[in-house]
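A.B. asks: The listed protein sequences derive, respectively, from chains A and Z.
Residue numbering for the first sequence follows the working numbering, starting at 515 and increasing by one per position.
Residue numbering for the second sequence follows the working numbering, starting at 27 and increasing by one per position.
A few of these clues could be false.
Claimed, not checked - Restraint ranges, calculated between C-beta atoms of paired labels, are given here: (1) 144(Z) with 905(A): 26 to 36 Å; (2) 331(Z) with 905(A): 50 to 60 Å; (3) 918(A) with 144(Z): 30 to 40 Å; (4) 618(A) with 345(Z): 22 to 32 Å; (5) 934(A) with 146(Z): 53 to 63 Å; (6) 146(Z) with 793(A): 55 to 65 Å; (7) 114(Z) with 916(A): 22 to 32 Å; (8) 439(Z) with 548(A): 21 to 31 Å; (9) 186(Z) with 749(A): 25 to 35 Å; (10) 749(A) with 158(Z): 31 to 41 Å; (11) 749(A) with 146(Z): 36 to 46 Å.
As the list claims (entries may be wrong) - Residues of chain A placed beyond 10 Å of chain Z at every Cβ, according to the derived structure: (12) 574; (13) 675; (14) 751.
These aren't lab readings, by the way, just hints derived from the structure by calculation.
Note that beta-carbon positions come from the ideal geometry of N, C-alpha and C, so glycine has one too.
In case you want the letters, here they are:
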Amino acid sequence: MRWIAALTAGMLALASAAGASAAVRSAQVEAVVSGSLVISFHGDPAAGCQARRVCAYQGQIIWRPEQAMGGVLGFHQGQAELIVFGDTQDSPAGSGVFTRVQRQTSSGRTASCVDAVTNDVTTPLFVHAGEISLQVPGVDTQGFATRCAGPAPADIASAIPLARLPLTEALKGHRQFDLQATREFAGGGFAGTVRSTLVIHLGAPLSSGGSSATKVRIVTEQLTETAASGTVNEQFAGSPATQGCGLLDSCGLQGSLTLQPAQHSSIGMIEALGAVHRPIRDFLTALGLSTHGRTAGIYVYGELYWTRLGNLASVEQQNNVTCTDTQPGGQAALLMLSSGGRLSAQYAPINPLRDRCPGPTPPFDQTPLAATTIPRRTIAAHTFTLTLRATRPFTDDGYLGQLNGTIHLAIARGNPIARIAPTPQD
Amino acid sequence: MRGWAETRTRWALAAVAAVLMGVSVGALAAVRTVAPRDVRVIGDLVYTWSGSAGSGCSAVGVCDVSGSVVVEFAGRGKLEGGAVKSAQLFPSSVTVRGLRESGWCIDRLQTYSDVELQIVPARRGGYRARIDAPGISAGRCAGPLAADLAHASLRVSRSETVGFDLRGSRPFTAGPYSGTMVSSLQLRGGNASAGSRGGTFSTSTTSASVPPPTRRAWLEYANVRLRITGARSALGVRFAGSGGPGCEPVDSCGTTGRLRLAVQGLSRTFTLSAQRTVRHAIGRAGALADLRAGRLQFDLFGGLDARFPARISETLARDGQPSCQERVLTPMALLLAGAGFRDEGRAISGTLSTPDGFTDALRTHCPGPASADVVAGLNLPGPSDSEQPIAGGEIPLRDLGRRHLELILSGPGLFAGDGYDGARGGALSFSLSLISIRAGSDQVPVG
Chain A
515 MRWIAALTAG MLALASAAGA SAAVRSAQVE AVVSGSLVIS FHGDPAAGCQ ARRVCAYQGQ
575 IIWRPEQAMG GVLGFHQGQA ELIVFGDTQD SPAGSGVFTR VQRQTSSGRT ASCVDAVTND
635 VTTPLFVHAG EISLQVPGVD TQGFATRCAG PAPADIASAI PLARLPLTEA LKGHRQFDLQ
695 ATREFAGGGF AGTVRSTLVI HLGAPLSSGG SSATKVRIVT EQLTETAASG TVNEQFAGSP
755 ATQGCGLLDS CGLQGSLTLQ PAQHSSIGMI EALGAVHRPI RDFLTALGLS THGRTAGIYV
815 YGELYWTRLG NLASVEQQNN VTCTDTQPGG QAALLMLSSG GRLSAQYAPI NPLRDRCPGP
875 TPPFDQTPLA ATTIPRRTIA AHTFTLTLRA TRPFTDDGYL GQLNGTIHLA IARGNPIARI
935 APTPQD
Chain Z
27 MRGWAETRTR WALAAVAAVL MGVSVGALAA VRTVAPRDVR VIGDLVYTWS GSAGSGCSAV
87 GVCDVSGSVV VEFAGRGKLE GGAVKSAQLF PSSVTVRGLR ESGWCIDRLQ TYSDVELQIV
147 PARRGGYRAR IDAPGISAGR CAGPLAADLA HASLRVSRSE TVGFDLRGSR PFTAGPYSGT
207 MVSSLQLRGG NASAGSRGGT FSTSTTSASV PPPTRRAWLE YANVRLRITG ARSALGVRFA
267 GSGGPGCEPV DSCGTTGRLR LAVQGLSRTF TLSAQRTVRH AIGRAGALAD LRAGRLQFDL
327 FGGLDARFPA RISETLARDG QPSCQERVLT PMALLLAGAG FRDEGRAISG TLSTPDGFTD
387 ALRTHCPGPA SADVVAGLNL PGPSDSEQPI AGGEIPLRDL GRRHLELILS GPGLFAGDGY
447 DGARGGALSF SLSLISIRAG SDQVPVG
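Working from the sequences, and respecting the hints, build out all of it.
C.D. replies: Here's what the structure looks like:
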């Protein structure tokens with residue numbers, strides 16, 4: 515079984531899309547991935563392992579996407595992105611990322627951490643000067659982050675193969691991105707080898723889905739994050755032996771990871787959806803911009819995305835050895851939903867909050883990192899602030915922890931734009 | 027994570043769907059509700075184990091093995107009932123980890139089976155929960171089987187703030203292993219399900235019309251009573267660790283092994299019943315001839331559905347050296363049935379399957395391929411979606427009526443699973459002895 519990812523390459527005007535056809539605004543091309551990626555690493559003094567306290571670690575990260583299923587790539591307004599869905603029910607022998615890391619303790623014992631993750635891996639595709647560039651999906655977005663210690667994406671970036679194709683050729687399909695290579699890397703305290711036998715085979719172009727005859731009225735406002743402050747702190751410790759700390763080498767470990775959201779002027783939107791016959795004042799009232807309409811039956815939904823969550827800083831101690839690291843966070847999203855006069859907002863990382871040190875991966879896809887619920891009238895102002903709180907315990911394989919902190923997001927609203935749109939088909 | 031992409035899409039589509047549906051809440055408010063409640067599930071189940079000398083790890087060869095399985099839940103469950111409550115929890119991931127002296131194993135299990143709780147008042151106050159977790163095992167790693175972990179019980183406390191608190195631990199033994207189950211589960215909340223605005227209602231129709239007169243028709247039938255015993259010989263599987271990096275996660279690199287499935291002491295009687303409506307009386311000889319020619323339709327609920335233990339033996343070698351060997355008893359189901367009302371056929375079909383919920387019936391406490399790996403590509407019709415056929419065979423209808431019959435079940439073929447490749451072979455041979463035949467026709471009322 516091959517691993518299928520839909521690859522969309524777009525032709526919308528980019529600043530330097532010289533030579534590329536401007537006629538194609540969006541496209542999808544089916545892709546099939548073959549091969550595997552094996553990253554072998556060890557703590558290396560020449561790479562600075564002593565400063566990071568990672569000299570005792572060595573391990574492997576293995577990714578075999580051939581058995582995985584699913585994947586879609588969207589192209590919109592000049593940006594292309596490859597998203598490959600991992601099936602969380604697959605055996606790691608079939609697909610997903612798995613890792614085994616060994617640590618030599620001061621007493622001469624070998625401790626092991628064994629873990630597997632099956633995340634959706636997302637990678638941006640770069641379209642420049644008529645060429646589309648593709649690197650190994652997910653490496654730069656923490657898609658390979660597990661609970662074990664290991665190199666960060668920046669450490670192995672130079673060793674990750676990159677392939678290019680002319681954009682027009684890629685859109686025709688029946689080509690391939692050859693990512694086969696064996697390269698060495700050193701950085702972040704680790705050194706090692708990246709062996710890739712990955713090849714992305716492009717199939718036939720896909721046709722886009724249609725839309726139904728049913729229409730809705732949508733009033734949309736652009737949202738812009740203008741300021742972000744606060745911190746969220748993740749305190750954690752290895753679970754008792756009866757809860758499996760021995761298999762994740764987390765016994766006796768204590769640590770914390772602090773997130774500081776970075777201000778990236780993230781842009782998103784908030785929309786009010788309703789039946790076509792409803793007057794505009796109903797939609798504006800639902801968005802907090804008027805008080806003269808009826809909001810029953812009008813649904814408000816909003817989102818903001820960040821490509822970089824912020825900065826992560828961790829400190830961990832185990833057996834009198836301290837591991838510290840700082841990393842940029844991966845992607846994150848803020849989702850908002852209005853119901854009954856109140857707006858609930860949930861903020862969560864899309865990629866795991868992980869760095870080079872061992873640590874948990876709390877399931878933020880089930881419970882957000884931080885959240886709040888406010889009266890809908892709060893967002894009536896041109897600029898409003900969301901104060902999202904993180905206060906809850908969590909359990910993860912081999913770890914117990916507690917989240918604390920507050921994040922403040924200042925969000926500016928744009929001008930509302932109304933349209934009538936067909937509802938999309940699946 | 028896919029969760030957030032799905033959440034975003036789900037929220038957006040739900041908004042659109044609600045607008046389009048225009049559901050009027052008031053129209054449903056008058057209906058009384060009897061429905062399960064949604065509860066918030068916090069925590070997880072963690073099973074850890076290690077080879078135990080007191081449990082015979084030396085004989086099996088797993089004294090250096092340790093492992094764990096972590097069952098995480100989807101965050102929401104269902105709770106219903108009065109004095110005795112039952113809850114359904116939905117695992118979102120089941121991750122198995124294993125270590126031995128010079129190897130490691132990691133596996134993820136399919137999460138088709140729910141975890142069910144029965145919460146009953148305890149004799150000395152409080153509650154007890156029986157946990158039924160049919161799909162939890164060590165998977166392809168060395169460790170407990172699903173049957174070892176399928177049932178457990180815990181003390182439960184209840185409070186207004188926490189709800190049902192199932193936090194606690196219980197020791198367990200599983201073949202050559204001993205271990206501990208730790209629950210950090212709590213069931214909180216308990217809002218009525220969204221569907222509770224619907225409810226139960228009954229409809230009844232009364233009619234003052236005169237019932238139609240009863241007709242009678244001839245029903246041709248044949249009832250064949252048989253005794254099945256067996257089986258001789260055995261099913262066999264040879265396997266080896268797959269090449270490349272695929273063998274790494276499940277610690278199968280350099281391994282070779284064999285599985286053998288044998289049935290002992292099976293003895294059951296059963297009846298195959300078939301019939302059809304005819305226009306006139308049919309004698310015994312004629313009905314038997316029609317049965318053998320496939321002109322009668324078999325009763326869907328007749329035949330044989332026998333559950334019995336089978337013995338699974340496994341030997342595993344690493345790099346040519348014996349590493350692990352064990353025998354366990356595992357539940358099996360043997361189904362014998364004729365063609366049903368919708369099917370056409372000239373044979374009685376027999377299927378050997380794993381019973382409902384036992385997803386690792388071909389596993390022992392040694393590492394090895396999953397049952398699903400072994401039977402992949404074996405196109406046998408299963409009794410249900412959750413029962414996994416392992417072998418199949420047929421008895422031609424023309425042979426019915428003979429004093430002695432033989433049913434041979436087999437499922438030869440190759441497989442290439444996650445971490446292991448191999449081949450199936452061998453066969454199970456069952457003997458069937460005729461006890462009696464009743465055949466002919468009767469007049470029966472038809473509506």
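A.B. asks: Are the hints correct? Go through all of them and say.
C.D. replies: Hints versus structure:
1. 144(Z) with 905(A): 26 to 36 Å: holds, 34 Å
2. 331(Z) with 905(A): 50 to 60 Å: Once the Cβ atoms are compared, 54 Å apart, the range 50 to 60 Å for residue 905(A) and residue 331(Z) holds.
3. 918(A) with 144(Z): 30 to 40 Å: holds, 37 Å
4. 618(A) with 345(Z): 22 to 32 Å: holds, 25 Å
5. 934(A) with 146(Z): 53 to 63 Å: Given range 53 to 63 Å: holds, Cβ gap about 57 Å.
6. 146(Z) with 793(A): 55 to 65 Å: holds, 56 Å
7. 114(Z) with 916(A): 22 to 32 Å: holds, 29 Å
8. 439(Z) with 548(A): 21 to 31 Å: holds, 25 Å
9. 186(Z) with 749(A): 25 to 35 Å: holds, 28 Å
10. 749(A) with 158(Z): 31 to 41 Å: At roughly 35 Å between Cβ atoms, residue 158(Z) and residue 749(A) fall inside 31 to 41 Å, so the hint holds.
11. 749(A) with 146(Z): 36 to 46 Å: holds, 38 Å
12. 574: violated, 7 Å
13. 675: holds, 17 Å
14. 751: Nearest chain Z Cβ is 14 Å from residue 751(A), so the label holds.
Hint check: a violation occurs at hint 12 only; the rest are consistent with the structure.
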